[in-house]
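Colleague: Residues per chain, in single letters:
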Amino acid sequence: MSHPHDLTPPEAEKFDPKHAGSLPKNLLLAGAAGILLSLIGLAVPSWREQFAFSWLFAFFFFFSICIGCLFWTCLHHASDSDWSVLVRRQLENVASLIPYFVLFFLPILACTSYLFKWWDLAPGADPLLDAKQGYLNHTFFYVRAAFYFSLLTLIALSLKKRSIAQDKDGSVSHSLMMRKLGVGGIPAVAIGITFSGIDWLMGLDFHWFSTMWGVYLFAGAAGSSMSLLVIIVSALKRRGYLSVVNEEHFHTMGKYMLAFSIFWAYIGFSQYMLIWYANIPEETIYFRIRNTGGWWYLSTLLVVGRFFLPFPVLLMQATKKAPQYLCAIAFWIIGMQLLDMYVIVLPALHETGLSPSLLDIFPLIGMGGILGWLFFRNLGKSYLFPTRDPRLAASLKLTN
Amino acid sequence: MAQYQKVYGLGAEFNDAAALMAAAEKLRDAGFKNWDVHSPFPVHGMDAAMGLGKSWLSAPVLIGGAAGTLTAVLLTFIPSWGIYPLIVHGKPYDWRTVPAFFPIMFELTVLFASFTTVFALMIFSQLPKWYHPVFNWERFKRVTDNGFFVVIEARDPKFSETKTRELLESIGGKHVTLIHD
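Same order as they appear, the protein sequences are chains A and B. Quick note: to get the working numbering, add 166 to the position in the first sequence (first position is 1). Quick note: to get the working numbering, add 662 to the position in the second sequence (first position is 1).
This is chain A alone, in the form it adopts within the complex (with noise of 0.2 Å):
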């Protein structure tokens, strides 16, 4: 029986920035053009209200990504988890990139009144507005805003700090701590995902509400995260770094990914069934808007391609333990993430059906490039695993 002191330690390793090549700086020239182009629609007063929901689409995309990147690093630690040590840095640093998520913010604070309806009406204007005033008004968005981001960039640097510290002295109380932040962090990330959630997409309509709207979200960021880092693994992986990376983890990862397109689906399906049965116009509005022209398309494709094409790919083992399959998995689901994002944003805006617009493009560009180049320059500053971890022997011979 082999015991974890009889494997000699990996040795450590760290991202040599001339293997990204001009990667990152062609990411930082789009991300920049991207940003530049988006803020010509925000200058134009009669793109302005195009641009503002497709900057939200964008902006909620990739927050949900570097949310659910963050609640897996404070799950790995609450649960204690041994399998996910190899990979845990790179979901510390994607979400470590949260706190850059408050200058992005600013456009739409610069749009709310273009994308909330309750934002300009006058109280007594609407009743159903009127009753929910203690919760939807103007101070109360503003501080709830402030809450949200420090709250999670607390978190997710406090986590990455530890973590790094730890590379250095070996000391076990970093993991002590890690475990009491990631206990108190998947509260916290819970209330950041379901009550952003809540204001800045469900607040879109105020008429309508769903209770299942923040793990609906939450099980799309979570899957999404989880597929994000299997690329980010297997394309390390493919430049020669992370050997000590094999199938038995991968396989891991894809269980998750597996398991997430199931409570997406079982989510999505109660939020859907209850509404439909029920048959409350103010609830059901928000689906038949999503089922109108062109939206219906998008819709079904959500359906089919979230949960029905991945669900028996991902069953199989063998799709799971062959990172090539499993990465084009991931790449799908993070483009059904994205047709998420579109179809709960844009419908707000285009109410008679699907009416595409080149601003659409530009902020998911802009974000994302600059996202990229930020995570980039994160890649090259710290090992590319926990090195002095003291479940990293556990982690380097799992077994499924």
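Hint data in this document are derived by calculation from the structure and do not stem from the laboratory. For each residue, glycine too, the CB sits at the ideal point set by N, CA and C. Do not rely on the hints blindly, as some may be mistaken.
Unchecked claim - Here are the computed lysine to any residue pairs in the SDA-like style, where the Cα-Cα straight-line distance is at most 25 Å:
(1) A:563 - B:753
(2) B:753 - A:447
(3) B:753 - A:466
(4) A:327 - A:539
(5) A:563 - B:681
(6) B:716 - A:449
(7) A:421 - B:668
(8) A:421 - B:710
(9) A:563 - B:777
(10) A:346 - A:558
(11) A:487 - B:785
(12) B:688 - B:777
(13) A:563 - B:680
(14) B:753 - A:441
(15) A:421 - B:816
(16) A:487 - B:709
(17) A:421 - B:715
(18) A:421 - B:777
(19) B:716 - A:327
(20) B:716 - A:184
(21) B:716 - A:441
(22) B:688 - A:453
(23) B:825 - B:713
(24) A:487 - B:705
(25) B:753 - A:481
(26) B:753 - A:465
(27) B:753 - A:421
(28) A:421 - B:783
(29) A:487 - B:728
(30) A:283 - A:315
(31) B:753 - A:468
(32) B:753 - A:449
(33) B:695 - A:565
(34) A:327 - A:441
(35) B:716 - A:417
(36) A:487 - B:708
(37) A:421 - B:681
Stated by the list, open to error - Residues of chain B clear of chain A, computed beta-carbon distances all greater than 10 Å:
(38) 716
(39) 762
(40) 791
Chain A is already provided as a structure; the job is to place chain B on it using the hints.
Modeller: What follows is chain B alone, placed relative to chain A:
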């Protein structure tokens, strides 16, 4: 008059789980097929040490689950769409009423899949079994307490009463005993 007794196999006792695991690896490499290890608790990694490979349980479970889904589809659609269409709650009664039936499809899939898991596992493990020759060996009763055993069956093509005994002793087996049926 000596009574004829059929030989079931050779049993050997080992000190602990680690010794059992090492012995299993050696027997696997020696090419034995009809043999098993017995321990008071599950030993992690033993399936690899024994060279058991991937379990085939998933195949019947998939079939069971698919049968469950199909049963639910037929059970819901035949009455509501075919033989007894009824407007309930202002909802349509043709295929468009499918959201109401998804929970039934889900539940029956889970139910059929889990029943198939239990019963297929019992068939795979040849359970329930009222008699097993290993219990003719007095020492084997410690298997539920602190005994770790390997039993190689006589029907294994590589089995030899003398050579297998030597092999078991050489890999650290104690109290190597011939078990009769």
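Colleague: Does each hint hold? Answer for all of them.
Modeller: Taking the hints in turn, this is what the structure says about them:
{"no.": "1", "hint": "A:563 - B:753", "result": "55 Å, violated"}
{"no.": "2", "hint": "B:753 - A:447", "result": "15 Å, holds"}
{"no.": "3", "hint": "B:753 - A:466", "result": "20 Å, holds"}
{"no.": "4", "hint": "A:327 - A:539", "result": "20 Å, holds"}
{"no.": "5", "hint": "A:563 - B:681", "result": "20 Å, holds"}
{"no.": "6", "hint": "B:716 - A:449", "result": "48 Å, violated"}
{"no.": "7", "hint": "A:421 - B:668", "result": "48 Å, violated"}
{"no.": "8", "hint": "A:421 - B:710", "result": "21 Å, holds"}
{"no.": "9", "hint": "A:563 - B:777", "result": "33 Å, violated"}
{"no.": "10", "hint": "A:346 - A:558", "result": "19 Å, holds"}
{"no.": "11", "hint": "A:487 - B:785", "result": "28 Å, violated"}
{"no.": "12", "hint": "B:688 - B:777", "result": "37 Å, violated"}
{"no.": "13", "hint": "A:563 - B:680", "result": "17 Å, holds"}
{"no.": "14", "hint": "B:753 - A:441", "result": "13 Å, holds"}
{"no.": "15", "hint": "A:421 - B:816", "result": "41 Å, violated"}
{"no.": "16", "hint": "A:487 - B:709", "result": "19 Å, holds"}
{"no.": "17", "hint": "A:421 - B:715", "result": "19 Å, holds"}
{"no.": "18", "hint": "A:421 - B:777", "result": "22 Å, holds"}
{"no.": "19", "hint": "B:716 - A:327", "result": "41 Å, violated"}
{"no.": "20", "hint": "B:716 - A:184", "result": "42 Å, violated"}
{"no.": "21", "hint": "B:716 - A:441", "result": "43 Å, violated"}
{"no.": "22", "hint": "B:688 - A:453", "result": "63 Å, violated"}
{"no.": "23", "hint": "B:825 - B:713", "result": "22 Å, holds"}
{"no.": "24", "hint": "A:487 - B:705", "result": "24 Å, holds"}
{"no.": "25", "hint": "B:753 - A:481", "result": "34 Å, violated"}
{"no.": "26", "hint": "B:753 - A:465", "result": "21 Å, holds"}
{"no.": "27", "hint": "B:753 - A:421", "result": "37 Å, violated"}
{"no.": "28", "hint": "A:421 - B:783", "result": "22 Å, holds"}
{"no.": "29", "hint": "A:487 - B:728", "result": "24 Å, holds"}
{"no.": "30", "hint": "A:283 - A:315", "result": "23 Å, holds"}
{"no.": "31", "hint": "B:753 - A:468", "result": "24 Å, holds"}
{"no.": "32", "hint": "B:753 - A:449", "result": "16 Å, holds"}
{"no.": "33", "hint": "B:695 - A:565", "result": "24 Å, holds"}
{"no.": "34", "hint": "A:327 - A:441", "result": "44 Å, violated"}
{"no.": "35", "hint": "B:716 - A:417", "result": "14 Å, holds"}
{"no.": "36", "hint": "A:487 - B:708", "result": "21 Å, holds"}
{"no.": "37", "hint": "A:421 - B:681", "result": "33 Å, violated"}
{"no.": "38", "hint": "716", "result": "7 Å, violated"}
{"no.": "39", "hint": "762", "result": "7 Å, violated"}
{"no.": "40", "hint": "791", "result": "29 Å, holds"}
Violated hints, listed in ascending order, are 1, 6, 7, 9, 11, 12, 15, 19, 20, 21, 22, 25, 27, 34, 37, 38 and 39; each of the other numbered hints is respected by the structure.
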